[in-house]
Amino acid sequence: MALLQISEPGQTPEPHQRKRAVGIDLGTTNSLVAAVRSGAPEAIAGPDDSVILPSAVHYGMKEEGERDIAVGAPARTRAGEDPYNTMLSIKRLMGRGIADVKSFGEQLPYRFVDSDGGMPMIETTAGPVSPVQVSAEILKVLAQRGSEALGGELDGAVITVPAYFDDAQRQATKDAARLAGLHVLRLLNEPTAAAVAYGLDQKEEGTIAVYDLGGGTFDISILRLSRGVFEVLSTGGDTALGGDDFDRAIAGWIAEQAGLGSDLDVSTQRALLDRACAAKELLASEDSVALEFGDWRGSLDRAGMAELLDPLIARTLRSCKRALRDADLGAEDIDEVVLVGGSTRTLRVRERVEAYFGRAPHADIDPDQVVAIGAARQADVLVGNKSRDDLLLLDVIPLSLGLETMGGLTEKIIPRNTTIPVSKAQEFTTFKDGQTAMAVHVVQGERELVSDCRSLARFELRGIPPMTAGAAHIRVSFQVDADGLLSVSAMEKSSGVSADITVKPSYGLEDADIARMLKESYAHAEEDVAARALREAQVEAERTLESLLVALRENGAELLSESELDDIERGMEALRLAHNGGDADEIHRRIEALNELSEGFAQRRMDASIKRAMQGHSLDEFDK
Amino acid sequence: MAQNQTHFEIFGLEPGFEVDRKALAERYRELQREFHPDKYASKSDREQLLAMQYAAQINEAHGTLRDPVRRAGYLLKLAGVEVSPERTTSDAEFLMQQMMLRERLEEVRGEADPAAALDELSDEVHGLFASEQKHFAAVFADGDLDAGKDSLLKLQFLGKLQKQVEELEEDLLD
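Protein chains in written order, with full-length UniProt numbering: chain V, 1 to 624; chain R, 1 to 174.
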């Protein structure tokens, strides 16, 4: 058969060659990378033999005037002496606007500066840096660990985000990955990853609560498992509550006991927090710890700490109630409880969670590693190393998406906890006679007033033909993909004028910004930008060729005429030549041309799958 | 799954108000297993885009069929009856009953035992909602579209009220 004679140039990988994929838990306090090696997922250690990479980045200058960037433990140790240049808990600032960031200002000792796009930048001795850039530095180190452990350049990564992350925060995370040169297979919700790590997907069915209390965020997710399909029934939580708040509560208590005022300098604050964190960790194994700060000496026991932490833990349990409610369930309906996040090591947390759900939670896997391990398993599946038909993760959007209407009110288009991907459309009309433009303001949140919701994007639809008020029909469509990223389009029906936007919050990164930052970072690393662009184009070409090759083998002969097959093969040959040629632009042109040639084929393959799915269904019905 | 397929066709279900929820849930998982974009993560961009469109269509169909009010509205739409959102029922007795129920909802917080008062109200609203659904199913099966339309308007009222009751229950929990 002609199909089997397609030749492959040396540089195109064999379709069945094992791919290199990692799972990354980009955490507020700590980050990890894991990969499936010889069948089992495991966290990958760095040169210091620790699998945990503190999410800390220190910016300094070398004597020659070059930036000196340290990531991980070496950066964290600088926090006390050089707080302004040491970035900690940067995840809290991801995708946040300058206004949000100012509200954190009291908690984070950084000097913020406005940038042109309204994106907050942090002033360091090495110049201003954005939260996205800081996260990219952490991701680069993790990617490096992954590619060293797997023996080559990574083909893809699954990066986890809190289920509660909104669109802007997800977009910022994706931008950081791009900046770090990673191909993102999927942004995966952290709690879902944890359930996957525990292999709960091996069970027939059940309802699972994942309680995830990290350094800076709390998430509760209610998942349902039914014959290999993981469905997120609801999610809830708090993007600004975590173990760091435990530390702050304890630090506040120490400061009070030691008679310190509220006006403390940054180094003292940091020292207090370190002392508090150490006490919290000791109380996991000791009944009481001795404390001293300055001239003050005292002690804290478990009951004392419980009193300090209970109000914070109670907030997490309220979120649990709400999530159960959204899923139409009660605490008694939960079959399994999974604990995630270093803060669940605190005994008081375990006690309260166990009491609330009425069952002992799963806590066998290290709560710091569990998310990365689950992400690694999913990455292995998504990159195509395993065709695990029995594992599918269905996600929901955490917050409602809507539009601003007259009077500053929110019109919800997609309610929270809707399964994604999803697309929805709604019609609007004009307010004034002869109105020729319409402002579309996209917001996220549950409140009635736009001012209480989070603004995601604005754009304008222009060129509406003049009509009487209320006569125009403007269809606004929302589309959310499997990563939870939103695009919005608007069209006036009679004239067909349209406008659209992929939601890039005003404080997000434009493509040009990313290109510039890449250029800058490579200039420092003395890498050739053009070489990088070429390599990226080649990887994309390889992916395109490979997926088409597999598709042709599967059902090319059956779905394509001889001349169509010829055209596609010629397109593939042209792309192979371009691939080996070394001109990135030419490669992109050939990929686009080949995509056009094979579009009909893709559609027919999809239709064939549908037919298959339908047939499978009717057979099932006969069986019953 | 073509654009012109109805939600019922996508799920291989007989069009009608009564839906086998178990069959719906099973079929939903089967379809997602086939078309979820994750299944296409290493495929070409076009296939990824198509998969996303199909998966979104499946989710929309599932969301509509699962929700009794949306399902009723969809059935009427398929039968050529559009109900504008501004329309309201002209059944004076029903409207009066709604006003009373709403007043009671507003007064719950002031009751001596708000939780018990809300429980009672919640049971009543659930009962009314369920019986209106039965009514819709009966008149729709008889092909009485005018009665179906009126019933849908009532379902919308009751569905909204039930949601408000649930929201208050949640507030009282806190």
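Worth flagging that the hints you see were computed from the coordinates, not collected in a lab. Every value quoted in this text rests on a predicted model; they were computed, and no experiment measured them. Where is the CB? At the ideal position from N, CA and C, for every residue including glycine. A hint or two may mislead.
To be verified - Over 12 Å on every C-beta distance to chain R, these chain V residues come out as not near it, computed from the model:
| id | residue |
| --- | --- |
| 1 | Gln479 |
| 2 | Arg543 |
| 3 | Glu573 |
What the hints assert, rightly or not - In silico DSS-like cross-links for lysine-lysine, where the CA-CA straight-line distance does not exceed 27 Å:
| id | chain 1 | residue 1 | chain 2 | residue 2 |
| --- | --- | --- | --- | --- |
| 4 | V | Lys611 | V | Lys386 |
| 5 | V | Lys62 | V | Lys174 |
| 6 | V | Lys611 | R | Lys134 |
| 7 | V | Lys424 | V | Lys174 |
| 8 | V | Lys386 | V | Lys412 |
| 9 | R | Lys77 | V | Lys424 |
| 10 | V | Lys321 | R | Lys160 |
| 11 | V | Lys321 | R | Lys77 |
| 12 | V | Lys493 | V | Lys424 |
| 13 | V | Lys19 | V | Lys140 |
| 14 | R | Lys77 | V | Lys386 |
| 15 | R | Lys160 | V | Lys432 |
| 16 | R | Lys134 | R | Lys163 |
| 17 | V | Lys140 | V | Lys174 |
| 18 | V | Lys611 | R | Lys163 |
| 19 | R | Lys163 | V | Lys412 |
| 20 | V | Lys424 | V | Lys412 |
| 21 | V | Lys386 | V | Lys321 |
| 22 | R | Lys160 | R | Lys134 |
| 23 | R | Lys134 | R | Lys77 |
| 24 | R | Lys163 | V | Lys140 |
| 25 | V | Lys611 | V | Lys424 |
| 26 | V | Lys493 | R | Lys77 |
| 27 | R | Lys160 | V | Lys611 |
| 28 | R | Lys163 | R | Lys22 |
| 29 | V | Lys386 | V | Lys493 |
| 30 | V | Lys611 | V | Lys412 |
| 31 | R | Lys22 | R | Lys160 |
- Those earlier numbered hints the structure runs against, lowest number first: 1, 2, 5, 6, 8, 11, 14, 15, 18, 21, 24, 27, 29, 30
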